[in-house]
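We have chain F already, so just place chain G with the ligand on it with the hints.
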Amino acid sequence: MHIVVTVKQVMDPIIPPSHMAVDASRKQVVSASGAPAVMNGYDANGLEEALRLKQVHGGKVTAITLGNESARNTLKRAVAMGADTAALLCDPQWQTLDSFGIATVLAAGIRKIGKVDLVLCGRQASDSDGGQVLYWLAQLLDLPVVSPIIKIEESGADALVVHQLMDEECQRLRVELPALLGISSEINEPRLPSPKGAVIATRTMIPVWNASTLNVGQVAGKVTIKALDIQVRTGQAEIIEGADGAARGRALADKLHQLGLL
Amino acid sequence: MTGILVIGEMAGNAVTKQTLETVAAALQLSVELKQPVSGALFGAGDLAGAAAQFNCGFSTLLLVESERLEQYSAQQSVTAALAVIAKLQPSVLLLPHSARTRDWAPQLAAKLGSGLVLDCVNVVVGEDGLAAVKPMYGGGVWGQHVVHGEPAIITVRAGVFDCAKPDAGASIERLEVPNLAPNPRIEHLETIVNEGTDGQQLKDAKTIISGGRGTGGQENWHLIEEAAAATGGAIGCSRAIVDMGWLRWNHQVGLSGTIVAPELYIAVGISGAVQHLAGISNAKTVVAINNDPDAEIFKRADYGVIGDFKEVLPAFIEHVKGYAK
Ligand SMILES: Cc1cc2nc3c(=O)[nH]c(=O)nc-3n(C[C@H](O)[C@H](O)[C@H](O)COP(=O)(O)OP(=O)(O)OC[C@H]3O[C@@H](n4cnc5c(N)ncnc54)[C@H](O)[C@@H]3O)c2cc1C
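Just so you know, the protein sequences line up as chains F and G, in that order.
Oh and the first sequence: position 99 is 99 in the working numbering, straight run, nothing missing.
Oh and the second sequence: position 113 is 113 in the working numbering, straight run, nothing missing.
Calculated from the structure, these hints are not laboratory results.
Every value quoted in this text rests on a predicted model; they were computed, and no experiment measured them.
A virtual CB, placed ideally from N, CA and C, is assigned to each residue, including glycine.
There's no promise every hint is true.
[What the hints assert, rightly or not] Partner residues are not named here, just some residues of chain G that face chain F (Cβ under 8 Å, in silico):
| hint | residue |
| --- | --- |
| 1 | Arg-100 |
| 2 | Leu-116 |
| 3 | Leu-118 |
| 4 | Val-121 |
| 5 | Val-125 |
| 6 | Asp-128 |
| 7 | Val-141 |
| 8 | Gln-144 |
| 9 | Ala-170 |
| 10 | Arg-174 |
| 11 | Leu-175 |
| 12 | Asn-194 |
| 13 | Asp-308 |
| 14 | Leu-313 |
[Unchecked claim] Derived DSBU-like pairs: lysine-lysine, alpha-carbon spacing no greater than 30 Å straight-line:
| hint | chain 1 | residue 1 | chain 2 | residue 2 |
| --- | --- | --- | --- | --- |
| 15 | G | Lys-34 | F | Lys-226 |
| 16 | F | Lys-255 | G | Lys-321 |
| 17 | F | Lys-226 | G | Lys-206 |
[To be verified] Residues of chain F placed beyond 12 Å of chain G at every Cβ, according to the derived structure:
| hint | residue |
| --- | --- |
| 18 | Pro-13 |
| 19 | Pro-36 |
| 20 | Glu-69 |
| 21 | Gln-93 |
Same shape as in the complex, but just chain F (with noise of 0.2 Å):
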């Protein structure tokens, strides 16, 4: 089995508001102290998952992303984690691609790996919050798409039965291969690189993608993103006192009463 994880370096996401920056041209936010960049925590899923059905049905993980030569870290993270190969799409022409646009790249380096069986992608990623490029990828790979999935129950050579998370309930499906999934944090805990993985990603070479290696020319987006607002709060809670932790428990009860919600 051949899978594909695609995945996407972003700013940390426990970075609060307070510590996020806009550039300059108000279409990037950074984070004003620098702090490193991490692994999508959803793609992050999807890895563990795929070499999880490697473990099972032997075969092949490659681990791809679309990003500037920084996202190499991730891919090397990807390897230390025990993907087999790992590719970067990497061109200037790409800095500012909107959803339809990073599908349409990531849909023509699958295509360069040849016969795939799963694609594995995050269900959104934390910076974007976007949640569609996976819809857009599977359209233009003609592949059935179910997100987010919460389990794989079953997994054979032709098909694969889920579980995908509603509202108010999981559907439970049979997918046929190939096919794209969009991968959920409850399905399972990624595990860190190993010291082992660590050595192998240092020696692994890792190819770089650019337009003219996918034969990919301008793309004309569907979204243009025009101005970012962070959200900083400024409020302060009324702090509720007492001489110990159990008088403020029975004031905040006083209080909540007095404004009629108890």
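Quick look at chain G with the ligand alone, frame taken from chain F:
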């Protein structure tokens, strides 16, 4: 192409509250764009009752009724939406943002080649055209997304707009949609309804007691349960608790959980990450119990108790029980 189309959603035989909020967003946009609003509903059985609730300021209201729509499938929703769009030729399609629409709206956009923005809090008209305001970075940043091409497809977050009021203005038409069928490559085996949903859905709860990593999960969770019982509240949690495997995902409040709107939200041992706060922006009164005076949650909370919840909650619970007597 002209006009704003809202495709509503139903829970049982009624349209959802969020559907009416989405209509309100459409009516606001209609003033700016000077274009009429129409509506459509898909479902199994007779939709007349739901249509009456949904009929708010529309020029046209289309119903797609088919027993095949009993079971949700993305492809069926896309097929029905394509038929409605072909008939009405709207310039904008607004949908309530839900687990279903976040699944089928992108597949509709991909079929149409349309611009799409999911989970928006506003839609405005500027010099560059239609722009959807979308929370990003977990909610820490709002981005103005200009959408090119028609129809622009936008899903609207729960709880941002007030509900529109029905006026029975539009006459109701039924639209036959042939070849409604799920994707042959995706077979529906079963719908798994939550075991252990505690009767009170988070979405509609008036009071929610929510625990986070600071509760330690398992060991002291009985305090959260007792506080919920004493206040008549539902139990929520942060993602940390779900990640620990302590509660199921249907209790998670936040961006990737449920967006709630209670009168009273009590966050116990929750730090206040943006992704969590995204779920409580419509909570009326927020209380935080946390032993870190610098926790972000205190910037969102109306009332704060600085302290160890193991000391605060037992006294709080006893006192609340006293009021009940
Ligand atoms: C894409 C994405 C989506 C996400 N979606 C969600 C979501 O929907 N919902 C969600 O909740 N999170 C979500 N998260 C995770 C979020 O970023 C945080 O990691 C999570 O909310 C943290 O949970 P927490 O506040 O319980 O834990 P922590 O951040 O670890 O906070 C624990 C708090 O408990 C306090 N504490 C410790 N001991 C005590 C004590 N004895 N008494 C009182 N207080 C104490 C600490 O001071 C601290 O403030 C998402 C993240 C990503 C990247």
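Each hint tested on the structure:
{"no.": "1", "hint": "Arg-100", "result": "7 Å, holds"}
{"no.": "2", "hint": "Leu-116", "result": "6 Å, holds"}
{"no.": "3", "hint": "Leu-118", "result": "5 Å, holds"}
{"no.": "4", "hint": "Val-121", "result": "11 Å, violated"}
{"no.": "5", "hint": "Val-125", "result": "12 Å, violated"}
{"no.": "6", "hint": "Asp-128", "result": "6 Å, holds"}
{"no.": "7", "hint": "Val-141", "result": "5 Å, holds"}
{"no.": "8", "hint": "Gln-144", "result": "4 Å, holds"}
{"no.": "9", "hint": "Ala-170", "result": "28 Å, violated"}
{"no.": "10", "hint": "Arg-174", "result": "27 Å, violated"}
{"no.": "11", "hint": "Leu-175", "result": "25 Å, violated"}
{"no.": "12", "hint": "Asn-194", "result": "6 Å, holds"}
{"no.": "13", "hint": "Asp-308", "result": "6 Å, holds"}
{"no.": "14", "hint": "Leu-313", "result": "6 Å, holds"}
{"no.": "15", "hint": "G:Lys-34 x F:Lys-226", "result": "23 Å, holds"}
{"no.": "16", "hint": "F:Lys-255 x G:Lys-321", "result": "14 Å, holds"}
{"no.": "17", "hint": "F:Lys-226 x G:Lys-206", "result": "38 Å, violated"}
{"no.": "18", "hint": "Pro-13", "result": "6 Å, violated"}
{"no.": "19", "hint": "Pro-36", "result": "16 Å, holds"}
{"no.": "20", "hint": "Glu-69", "result": "23 Å, holds"}
{"no.": "21", "hint": "Gln-93", "result": "18 Å, holds"}
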